[in-house]
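Enquirer: Protein chains in written order, with this note's numbering: chain A, 1 to 359; chain B, 360 to 718; chain C, 719 to 1077; chain D, 1078 to 1436.
No wet-lab data here; the hints were simulated from the structure. Computed from a predicted model, the values in this text were never measured in an experiment. Built from N, CA and C at the ideal position, the CB exists for glycine as well. Check the hints yourself; a few may be wrong.
[As the list claims (entries may be wrong)] If you only want the chain A side, here are some residues facing chain D, beta carbon under 7 Å, derived:
hint, residue
1, Leu78
2, Thr156
3, Ala157
4, Thr161
5, Ile254
6, Ser258
7, Pro260
8, Phe261
Number of protein chains: 4
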Amino acid sequence: MWGGRFDEGPSAIMREINASIPFDKILWREDIEGSRAHVAMLARQRIVSAEDAGTIDRGLQQIAAEYERDGVPEDWDLEDIHMTVEARLTEIVGPVAGRLHTARSRNDQVATDFRMWVRTANRRAIAGIEAVLAALVARAEEHAGTIMPGFTHLQTAQPVTLGHHLLAYFEMLMRDRSRFADALVRMDECPLGSAALAGTGFDLDRDMTAEALGFAQPTRNSLDAVSDRDFALDYLTAASQCSLHLSRLAEEFIIWASQPFGFVKLPDTLSTGSSIMPQKRNPDAAELVRGHAGRVIGCATSLMITMKGLPLAYSKDMQDDKPPVFEAAGLIDLSLAAMAGMVARIFRSAKRTTLPGRP
Amino acid sequence: MWGGRFDEGPSAIMREINASIPFDKILWREDIEGSRAHVAMLARQRIVSAEDAGTIDRGLQQIAAEYERDGVPEDWDLEDIHMTVEARLTEIVGPVAGRLHTARSRNDQVATDFRMWVRTANRRAIAGIEAVLAALVARAEEHAGTIMPGFTHLQTAQPVTLGHHLLAYFEMLMRDRSRFADALVRMDECPLGSAALAGTGFDLDRDMTAEALGFAQPTRNSLDAVSDRDFALDYLTAASQCSLHLSRLAEEFIIWASQPFGFVKLPDTLSTGSSIMPQKRNPDAAELVRGHAGRVIGCATSLMITMKGLPLAYSKDMQDDKPPVFEAAGLIDLSLAAMAGMVARIFRSAKRTTLPGRP
Amino acid sequence: MWGGRFDEGPSAIMREINASIPFDKILWREDIEGSRAHVAMLARQRIVSAEDAGTIDRGLQQIAAEYERDGVPEDWDLEDIHMTVEARLTEIVGPVAGRLHTARSRNDQVATDFRMWVRTANRRAIAGIEAVLAALVARAEEHAGTIMPGFTHLQTAQPVTLGHHLLAYFEMLMRDRSRFADALVRMDECPLGSAALAGTGFDLDRDMTAEALGFAQPTRNSLDAVSDRDFALDYLTAASQCSLHLSRLAEEFIIWASQPFGFVKLPDTLSTGSSIMPQKRNPDAAELVRGHAGRVIGCATSLMITMKGLPLAYSKDMQDDKPPVFEAAGLIDLSLAAMAGMVARIFRSAKRTTLPGRP
Amino acid sequence: MWGGRFDEGPSAIMREINASIPFDKILWREDIEGSRAHVAMLARQRIVSAEDAGTIDRGLQQIAAEYERDGVPEDWDLEDIHMTVEARLTEIVGPVAGRLHTARSRNDQVATDFRMWVRTANRRAIAGIEAVLAALVARAEEHAGTIMPGFTHLQTAQPVTLGHHLLAYFEMLMRDRSRFADALVRMDECPLGSAALAGTGFDLDRDMTAEALGFAQPTRNSLDAVSDRDFALDYLTAASQCSLHLSRLAEEFIIWASQPFGFVKLPDTLSTGSSIMPQKRNPDAAELVRGHAGRVIGCATSLMITMKGLPLAYSKDMQDDKPPVFEAAGLIDLSLAAMAGMVARIFRSAKRTTLPGRP
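The shape of chain A in the complex, shown without the other chains (with noise of 0.2 Å):
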């Protein structure tokens, strides 16, 4: 069975291997707003043209019009989407589209499009979040007279009101909410312009591509600013934490929602039936909340992995830090969305003043 892979050689496994275009791609908004931003630069620094920076961001935007329509080509021996934008620039403007990357390389412009990338899935992730704050608030308001057990060790132990209950959700959330809020004051600084690891000889002004770009400040260090992927770490350990709350949750409205405890009724949107069994109604997306948490952990864990003992700069290993952060975005997006929609839902049916099995 590996005989057609071996066939093919050395050199269509090392292709296999390298290409990154097929996960990168989601990358090509980024890719070309900083090569944009990077070029406008080039030219007040009069280090490339005004003529040629205005045929390069023409041609820039056509692209973005062209995958917007047609989706991004994915051609291994293009390896990864800076390369696979600059042949369609090449192209499109011919030689002059070689002037983009001057001053530039592609380790401080992944770095840039990937903090890009995760910045706007922190801010994906904290408006997640104050939906299904918003929906636990709703709820809890409703229900702040409606008693119900309180358990420790799932014993029942003091009665408690649903809102409270509810709000203890509020809490955690709200944390949650803090951490990605704290990883974009930490990730907000833009890495365009360290070159491949040393800087630059060109005479580039920072500030306004960091600016350009939505960033506070250029980064400091152009070793760390290649090397490092702390905010995609910070992303993924918040996305942890706050997939833990969502499991909690998730395990509650199945506990609730089992034949002896009968706290909740799941609605039709929210569970599934069987045909053969109709007394059942499957919670099957508070189990997939439950489950996705243990992916989202598998995620952080695994770039964490991945980075520990590289020496500087770059190196190769730092092209598996995608793929577990682009699954975790999905995952704890999803999870948020879900348990928004669960948490509005979940308790129509509850009566506003008593739930069963109270103590």
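Given chain A, put chains B, C and D in place with the hints provided.
Expert: The following block gives chains B, C and D in isolation, referenced to the frame of chain A:
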């Protein structure tokens, strides 16, 4: 930015979180093979008529041909590969397709499909290991007399031969091979017939389906059969340990290829150069093999966390079993192929007598 | 070999698995400080008499003096540090000791003790980081003009200065410092008064105990307060990222100290020799710092897994929160101390002009 | 707070980070047994005289008696168990003690000691599993006719028998048993004679020491023998999977013991009560078994991370191999003992006919 997502409403989110077809469509061969074995058994046991079974089997063969040619369609409303196949079968053969579902549940179906896929992945890993073993032995024989410094703590300690050094990896990979082989023995039981969780009242011949699908015997306990993912964890832990060994060899290649060491010169097929720094030969493939170890271990961690504390029998969390296995399989297969290529080529330029840097 | 264990019967096993005193006795200072603050508040609120409170307080002070002098006794029948202190207090002051338990549960007590311990661990980590930062800055100034090869992919790329290289680690550790500082802000709330899970009917002054124990405010939600371990996870993830940075510097020291590189010569205080291989200076301390990263990340993973899917409020699983935190704290403190020492001494022998191996 | 630590100077920190005696003293039996086998072989091969070997052997026996009686002294200056034993031997028998070191290094010595310890831990795990298996079979026979609701998604699905349910865990634990057994086969090779990394010029009889220490054969490759920790990882991954199974059973016991389910009543020996909430029987032991799974998996992750990317042969990072193994062994042993006790007692009160909550 969440507006769109929530505008779609909870049904859209539910559909998205529930859909496994984006990743489990890779199981299409196993799913169709399992269904063909099941329907043949149903016919033999006179649970469905020979004519219906024949109709269903021809339909399944047609679907296999379609998927082979055109790929598997991805419709989230059909959730997973099982329903995707079933829906297409109904289009082709009409209501008789429903007979296929007799005495079978998606729970034992997916357990069987996935187990078959993982069985193949184990065999592929063994084949990949054997390719590296062969390369190691060939190089070790060539370099049985090549003296090099032996290291502890990365300090030169005592002279060894390059052959002896390479055979240390032979030992590691032989142990890896035995782990995958042990896993194959342990998973050699067919879950089909366990149904949702409690078996079925039909008079099935489980030995027949087990044999048809290449298993030594049917599983013994139906609750275990549908909720067990040990076979996936066995694969992931074997892959993790194998990836650790490859990461150690990769680290050595990277250090040996550095200019101060200069023990090996990376062939062009296994490294990349830099136009502005022609002295460099970046050991990209070795770095990616080293980095991949982080992701493979992350995948193992992921599934362990997901399985923790799940009550019997099937829970939907277990849908999160597949992405880490598929990801790890892709990474370990490629890492083994790349490392076989590296071992085969990296010492071509090494002289047969003495490496530089001898003690 | 199991005979003995089972002969003891289930009570013996139960006592052993339940006992946390072997590891939580480290919390004795926090436990006594918390109890003193609690009883002073009870007295001010006239819930216990001033006389009883005085008696209890003197008893607690005596216990503190005893533990300081003789260590904490480890009696498994007393389970944990809270019961150990309480039992000794009863011996000293008699039945009045029971008043200390008014309006308090072990659930809010342990949440408070542990939070205070982790708060101190965060501050200690910051101090340890600052020691490394100071050493980095001092060496960077000395070596602001020392040219060395800059690496990417461990291939010599462009010349940089050693000072610039060291300041890359300054950036990393400044981010680590900010993570521990963020954690301190987030955990700055006192759980006391949350009782078992639902608060208490007594008229407590929670602001008073919060202030006495150095917290900015009391926690808001009682269910969250007793079941939250985010403060421990914040510490562990910050420690993990910090350990990753230290592992990278350690890897560089190990490579630089190898004979082919020869960039640095390890001082005798930071390495060990070999009587039969006198050419070796084993970089033991650097290797242990690199190895410790694995264990610190393992500790973070451990607590994440333990917390996954726990329903509210307190569950006994949460007793497994402490060993990974105590272990990680010991490892990161020692790693920072060792690395501060290494940075301070490792470049003494490096000439101020040019390192060997320049590009 | 760091003053004290730094005042002690780098030597103190170095001594502390280097010292493994606080945890590796647990290896004293294996260390002495290994030394006795080594010196007996040296005498047979006439590398040391019979008289010297006799003197050394008697000294080692005396040390064993001392440690058995008084415990192992913990002197950080003696670093590890090997030097601790050697130093005491020198006190007892004088300079002849040095002969013990002939043709042996701490690298092969610790690899042998640790392998022997892990071998015993594997056997202990198998015995612990067998105790749980016996309890499961006994309960399953008693409850072969006890009807209970079978669950999927924690929704009541179809009736099953309690006996059938319990035998699902029999299957899981039989797989666990086979994993520990496979590990024993794979580790059945003795590293002694590999010396520091390259073997030794002495005419050793490695078969003799291997046999004396209960190994099937000597290891084949000296570089691998001193840098391999697969045997520890095999143990940790087997323990992780076993702990996952126990966590699932523990979760079920916790849910079944909740008041709404009320399937089982926890005996007093396996639960704790609450004076102010007498209705509660907290399932502490089950919760701790569930929680311990997190720590066992954390230990496996820890050692995987530590081993990643280590060049051959021995590196000091590998000193971090022992704490996670010792911790996991304590946790899995206790979890198995507690679960055997729970399974044996938890169903005594369950009637033989029908559990409450039947579908």
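Enquirer: Taking the hints in turn, state whether each one holds.
Expert: Checked hints:
no., hint, result
1, Leu78, "violated, 29 Å"
2, Thr156, "holds, 5 Å"
3, Ala157, "holds, 6 Å"
4, Thr161, "violated, 18 Å"
5, Ile254, "holds, 5 Å"
6, Ser258, "holds, 5 Å"
7, Pro260, "holds, 4 Å"
8, Phe261, "holds, 5 Å"
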